Structures are given as C-alpha cells and as structure tokens.
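One line per chain: the protein sequences are D and S, in this order.
For the first sequence, numbering that gives the first Met the number 0 assigns the number 0 to the initial residue and increments by one for each residue that follows.
For the second sequence, numbering that gives the first Met the number 0 assigns the number 0 to the initial residue and increments by one for each residue that follows.
Do not rely on the hints blindly, as some may be mistaken.
Said to hold, decoys possible - Pairs of lysine-lysine residues, derived as DSS-like cross-links and limited to a Cα-Cα distance of at most 25 Å, are as follows:
{"id": "1", "chain 1": "D", "residue 1": "117", "chain 2": "S", "residue 2": "222"}
{"id": "2", "chain 1": "S", "residue 1": "350", "chain 2": "D", "residue 2": "128"}
{"id": "3", "chain 1": "S", "residue 1": "239", "chain 2": "S", "residue 2": "144"}
{"id": "4", "chain 1": "S", "residue 1": "144", "chain 2": "S", "residue 2": "80"}
{"id": "5", "chain 1": "S", "residue 1": "112", "chain 2": "S", "residue 2": "144"}
{"id": "6", "chain 1": "S", "residue 1": "96", "chain 2": "S", "residue 2": "112"}
The hints are simulated quantities; they were obtained by calculation from the structure and are not laboratory data.
Quick caveat: nothing in here was measured; it's all calculated off a predicted structure.
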Amino acid sequence: MKKTVIITMCLLLAGPVFADDFTKEDTERWMAQFEQVAAEGRRLWTSPEIGTNGVACAQCHPNAANTHPETYPKFQKQLGRVIQLWEMINWCIRNPLEGEELAADDPRMIAMQAYVHKERRGVKLNPGKH
Amino acid sequence: MSNKTLNGRRDFLKATTSGVIAGMLPVSLVRLAGATESDPEFTFAYISDSHIQHIKGAEFVRNWDRGLIRAVAEANLLEPKPDFVVFGGDLAQLGTKAELDHGAEILSGLNYKMRVVMGEHDYYLDLGEYWSDLYGEHYYSWDHKGVHFITLNSIITYDDWTFDRWESPERRMNEMAGLDNPNGSPFMVGRKQMKWLKKDLSKVSRDTPVVVFSHSPLQKIYKGWNFWTEEADDVQALLKRFDKVNVIYGHVHQIQYNQIDTIAFTSVMSTAWPWPYPESYAQAESHLPILTVPMNRADPFNERDATGWQFMNMHTGRVDLEFNLYNNNNRTVAFNHEKGHPEDTMFSNPKERTPTQSHF
Chain D
0 MKKTVIITMC
10 LLLAGPVFAD
20 DFTKEDTERW
30 MAQFEQVAAE
40 GRRLWTSPEI
50 GTNGVACAQC
60 HPNAANTHPE
70 TYPKFQKQLG
80 RVIQLWEMIN
90 WCIRNPLEGE
100 ELAADDPRMI
110 AMQAYVHKER
120 RGVKLNPGKH
Chain S
0 MSNKTLNGRR
10 DFLKATTSGV
20 IAGMLPVSLV
30 RLAGATESDP
40 EFTFAYISDS
50 HIQHIKGAEF
60 VRNWDRGLIR
70 AVAEANLLEP
80 KPDFVVFGGD
90 LAQLGTKAEL
100 DHGAEILSGL
110 NYKMRVVMGE
120 HDYYLDLGEY
130 WSDLYGEHYY
140 SWDHKGVHFI
150 TLNSIITYDD
160 WTFDRWESPE
170 RRMNEMAGLD
180 NPNGSPFMVG
190 RKQMKWLKKD
200 LSKVSRDTPV
210 VVFSHSPLQK
220 IYKGWNFWTE
230 EADDVQALLK
240 RFDKVNVIYG
250 HVHQIQYNQI
260 DTIAFTSVMS
270 TAWPWPYPES
280 YAQAESHLPI
290 LTVPMNRADP
300 FNERDATGWQ
310 FMNMHTGRVD
320 LEFNLYNNNN
330 RTVAFNHEKG
340 HPEDTMFSNP
350 KERTPTQSHF
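Bound conformation, chain D alone:
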C-alpha cells in the first residue's frame, strides 16, 4: 500500500514533464494569435479585395451572420454532396464576388473562417443541420 502511494506520488510529480506543459501566459499568447488572425479575417470579410467586382462578404453577411459555421460539414443540396464551410466560402467568392477561389489552407481562407467562427462563438455544434 505504502509503495503504491509513493509510486502514484512520483507519477503525479513527474506528470508535467511528460504532458504538454503550459502556463496562463502561454494560453493568453495563443489566444492573441487567434485574435490577430480573426481580425485579419474580419478585414478581408469587409474588404473588396477578395473578389473582383467590389462586392464584400459582409455586404450580405454583416457580422458573418447567416453563415452557420456550426452546421458544417453538411449536405449542400445545390452541390449534391457533404461539404465544409471553406467550400461554401469559395462558392461565394466565385459567384457574388466574381473572384478566384482560395485553397483550403490559404492563410486568407483560414483567417476568414477564424472570423466566422468567432462571430458564432457559444453556439452549439450541430453538423448537418439545415
């Protein structure tokens, strides 16, 4: 019994060495990184530079409303398959914005998705919902 307790205590003490060790300062720094990318996302969302005709995402989606990031992936009936949010953003870039679509990992696409998700924070995930 005594031995078990000692081993457990050793494991607890040794724990942080093996686990991902981070501080409050780290989490604040990481959050600031996210906020910076989301702010760039809002800048792109409200700017004509993503398209070619001067139209911006925010013209139809103020505060990124009616984008429903919590419902993706979902079946998009007009495309006939289950898609992710970035594919829908590209659809809007191609059509109302008359622009060139972005790669899924394009920093601009990631920034815009960060912004969309940030505006929808607190809403429960509901994949597939219509």
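Keeping the supplied structure of chain D fixed, place chain S upon it in accordance with the hints.
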C-alpha cells in the same frame, strides 16, 4: 384577396418575364370596387434598396442591376395601374454620381410618377447634394385621394460624426456603408426635421389616414445594424394621435411588420440582396417585432432569391402589401381590422409555416 388570385398573378408575372405569355392582360390582384370619397381605394408600387454598385468605367455589379431592372419591368405590367411608385432609398451603394445616374436611368423606365426616399448609401458622400439634383427635397409631404403622405429623411446622424470625424467624404461614405461597422453612427431624423414634421402634422385632422415613408425603421429593432432610428419614440408620439397611421420602411432587406398603438409598420424587400434577421447574430440582443413571420431563408445559389419589390393596396386607411418575390412564393401582409394589426395572410398560423421560415 384569395390565394388563387395571388397565385394567378404570380404565375402571370413569372410567365411574362420569361417571355412565355406576351400581351396577355395581367390578372387583377385587388378589389377596386366600393371605394368612396371617405374611403378612397388606390394602389401604389414600392421598390427599394437597389444598391447600384459601380466597378469601373461603364461596369456595374450585374447582380444588383438585374434586381432593379426586373422590378421596373414587372411594375410596368401592373393592372390596375398604380397611382405612383415609391423608391425607398439606397439607390446607390457608395453615393457616387455614376451610381445615382445609372440607378436613375433604370428607374426612368417606370411609366408612373415617382416619389423617392433618401437612403444612407445615397447621402453620405455629398450629403445628398447630387441626389437632390435628381429627386429634389430630402423630406416632404403631399395629399393624395384623402390620404396624407409624408416622406422623411431618417438617415442623418449626429453633426460631429457627419462634419468633424472623417478626413474625406469618401471615407465618411465608406464608414456608413458597412452595416455592421462599429465606426458607424445611429440614424436620426434630427431636430429641424422633427420640428417640420410636427408643423406638417398640425394641419392634418385626426381621422385622415397618414402614410409615412422612411428609409430606416421608425422603431427600435437592432442598433448594431441601424435597424433603428434614434428618435423613434418621439416620432411615434407625434404619429399615434391619428386614428390610422402606416409606416413603410426599407433598409432592412427583409420582411418585418409590427403594430404600435395606431401605427402599423411594414418593411419592404431589397431588389439587390437579403439581410439576415438580427436574431441570427449570436453575440447581440435584438428585438424583431413579435408579429413578424420571417421571409424564407435565402438560397445563395439563386442570385435573385429573397429579393423583390412590393405592390400596395390602400383602403380603409390602411396599406396591404404584396411582396413580389422573384424566386420565392409571394407573401401578402394585410391589415387585419378585427385584430387591429398587419398580418401575413397565409402563414400567421404557426402550423402553416415552412422550415425555410425558421432563422437561427
């Protein structure tokens, strides 16, 4: 008005605009019989929020152009002919001469007398100066068949924002053009116009039906997107001493209606694009009028979805609206005299509603 008649007319419009039926007389939507001197009955059309947007040279955003061109073409087919057409503001996107001229050129295709309302997108570049060259006074009133009509400019704001804050008129226009821009400023009627309104109404008898056209809602729904007029309560206080008041407003690009005291409020659609209901922005509280049965959630794959224009029937001092929606079933919001408020003639019963009318 029966559903059958509505469908007949909608079918007519769709068939006509697709060129299937040429020269056929439109099916009349409204009863015109029974109008008397004390209860005049007439119709007018209402087109709003076309947001004509200049790209460069002779290029304009095609999508928004098409919405306005279609409204003008369809309104010219109306039978009975409307007495006049109102344009409800935001003809342009950034208030430039190019945009206002292009929009005015399209509107000039209407075969009717026009009344025009000022929108913030028409105003904040040159404070309505060029718009005035085209359409005259920013606010005015007139009488028509026993009804007193008032057009307000409800989109001005605090002087320090308008005159002292921005380095250029273009910057000022851009800041006000972003609906959700935290650098924007609340819409106002302003002291001078309030004084004018009070004086104008003092000449009108209590039993005269009053119709007010404004760009912004003269009620407070959501300040963050200026679904709002700062002095809404004061304007309502002036209006509610009349027995029958109707306020028609643009700006919101969606169906809304409400009743406050004797005042019936109804919004109109945009010909350009729909806007989300404020409740779908999860980070802020808003107050959609409780009576409203929402418009359909838009299908973004159809560029005319959840856009359209309105046909209005004025009788017994109240306005009934038919929303002519390009790619959805038309909706009718008519004044229910028993209940004393406007209501959707098809979907007021929650059991009748469709999944596309639920917004989240």
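Structure-based check of each hint:
| no. | hint | result |
| --- | --- | --- |
| 1 | D:117 to S:222 | holds, 20 Å |
| 2 | S:350 to D:128 | holds, 21 Å |
| 3 | S:239 to S:144 | holds, 21 Å |
| 4 | S:144 to S:80 | holds, 15 Å |
| 5 | S:112 to S:144 | holds, 15 Å |
| 6 | S:96 to S:112 | holds, 22 Å |
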